[in-house]
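Asker: Residue numbers (my numbering), protein chains in the order written: chain A, 151 to 509; chain B, 151 to 509.
Simulated from the structure, these hints should not be mistaken for laboratory data. Watch out, some of these pointers could steer you wrong.
The list makes no distinction among identical chains, and a pair is therefore deemed to hold if it is satisfied within one copy or across any two copies.
[As the list claims (entries may be wrong)] EDC-like mimics (lysine to aspartate or glutamate), calculated; alpha carbons at most 20 Å apart, straight line:
(1) Lys-496 x Glu-461
(2) Lys-187 x Asp-241
(3) Lys-445 x Asp-415
(4) Lys-496 x Asp-224
(5) Lys-496 x Asp-171
(6) Lys-482 x Asp-421
(7) Lys-187 x Asp-471
(8) Lys-370 x Glu-461
2 protein chains.
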Amino acid sequence: MLRAIQSYILYDLKRIYVRVDADTARSLVIGLLRQRKASQDNARSQADLLIEAELRGHPSHGLQRLPRLLARVDRGLVDPRTTGVATWVADSSLDVDGMKGFGPAVALAALQQLETRISIAGIAMATIHNSNHLGMLAPYVEKIAEWGCVGIAISSSEALVHPHGGTHALLGTNPIAIAVPTAERPMVLDLATSIVSMGKIHHYAASGIQIPQGWARDAKGRPTINAVDAKSGAIAPFGGAKGYGLGLALELLVAALAGTDLAPDMRGTLDSEFVCNKGDVLIAIRARPEAGLSKRLSEYLDVVRHSPHAEPDQPIAIPGDRATARRTQALKNGFEVDAALWTELKSLSRQSVLEGHNS
Amino acid sequence: MLRAIQSYILYDLKRIYVRVDADTARSLVIGLLRQRKASQDNARSQADLLIEAELRGHPSHGLQRLPRLLARVDRGLVDPRTTGVATWVADSSLDVDGMKGFGPAVALAALQQLETRISIAGIAMATIHNSNHLGMLAPYVEKIAEWGCVGIAISSSEALVHPHGGTHALLGTNPIAIAVPTAERPMVLDLATSIVSMGKIHHYAASGIQIPQGWARDAKGRPTINAVDAKSGAIAPFGGAKGYGLGLALELLVAALAGTDLAPDMRGTLDSEFVCNKGDVLIAIRARPEAGLSKRLSEYLDVVRHSPHAEPDQPIAIPGDRATARRTQALKNGFEVDAALWTELKSLSRQSVLEGHNS
């Protein structure tokens, strides 16, 4: 099942990477999830989300999340068979109890429900609680854009971000994704409201590299450029007071709509100890059908894309452009995975077989 | 009708301000609009929005917009009598042709429609085209929060912002406001996706003060700290690539939903020459009714508000806190208006009477 590792690369100071292809990685993930009684569909959608993150160059939302997810399944904190229970609590509002299911399995089932309602309602929303980490948000809003709709996805998360002017972690990284369909592929924004991800801080720490000033504070709230100290501290919000305001508004919005907890009480996305109590909000809005509108959007994006840039070698990027380019490359050439992680996953796979997980 | 000016204050290098009270200013505005055949309700709601901006310390959205608005009415670019025509194009989606009406008059009429649908739909949206400038977005989402709903408002606007890494204005300032009801007053975020407003650049220019590095570029796309040069150039997006991405996503979102133009083709909010072709999106989402939820949100905001801060004299601010404090003060003590502007408005008022506008 597992194809041979293609190459070893010394990528930075301390880490060794292996290059794997998407199908190999996907098969490995599906196998590990199936061994834990995940349905074929659930294993597939969870694997797809992890692999998509790798393909797009966001390993913090990729395979490195898998060992923890498996441990959570083994401890009964995740139910790999369910897609949750969805109830229309109002004409255009779907309440989803994730029943401790995989984030992607629950969210994709919710999207199927939204799709049935969107042409009548014009706008429809699913709020999700008692579900696990969705992974990257971009694929969900891209799915909504396939229906000719604007997609919005917002998740709450554990306290990692300090308020603007503050010193201690009180906000989640509270990501938001927005997709707008155009005549070509949709424009897809997917951003955390922190200045950087905690995954990147961990990466700097593992690589023995200092982080830039202004990124983080240590556990005592002091500014730090030591990545190891930052891991137990707090990350700055992006964009100063405005980014902080946006993150805080999304924090409250998710809690008010999904009924879920606030960052300081949030558990279950970064540990293997607790049921996950974050929330997600998915909104689909039908775009106007006017002839020429989607073409007008594409043309505008091209104007921006090809507009003058301040640095000769740095052309203007449209959100999603770089991820799409990386994905195209990675589908052809594979992507790099931390060698120790890859070895761990293969070992888990063999171990599961020996332990008879594959029932 | 007009009470005496209370005091003259030398506020900065070149400008002289007068202190006026809200009722005086409101009466003046209503009078000027009524003289131009605005209905009582329309004059009132337009005046309220301008005065609210002054009370909250955002003069860029206050009285300084009035002379242009009056000129637009006089030229037939604004119809002061209409509240637009609203049509439910789907169960939860209201399409509003503003019929060239005042922004606040059209938007408030749309909100009345949304309110009738929200308890059945759970989520409902109004998209507005062919309407004029809404002013500050905060008051609209606050109105939605009064229904126990999360409110979201997004507007598109004329090209004033350069892409991240770009040099020329291609994006609007594309503001977004979000209100979340709590057990106390709602948390209200209201931000433009530019690093600063063009109004503030104009203020620096009029005051002969340099702007900070990184705020703006001149008409040729070169970085500048000269506020006068920046007026004909481009403002930076807030928060680098992320803020730019958000602004661009909102730009496309409004166009895709309201069918309105994109920033480079946008006219009619900063001139007295063209019909206004920007768009607005208003979304109301019913918050969950769980007992204790809104109290939990208030308590969390208090935790953030009173959390440790990096600078001794700069406590943590919750979005809306400062505006609320300024409003309370200004309701008591009045607010400052540029003396030349105030004189112009009073002169316009007398002139209109002489010209028999008051028919």
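Asker: Hints broken by the structure, by number, lowest first?
Answerer: Per hint list: 1, 2, 6, 7 violated.
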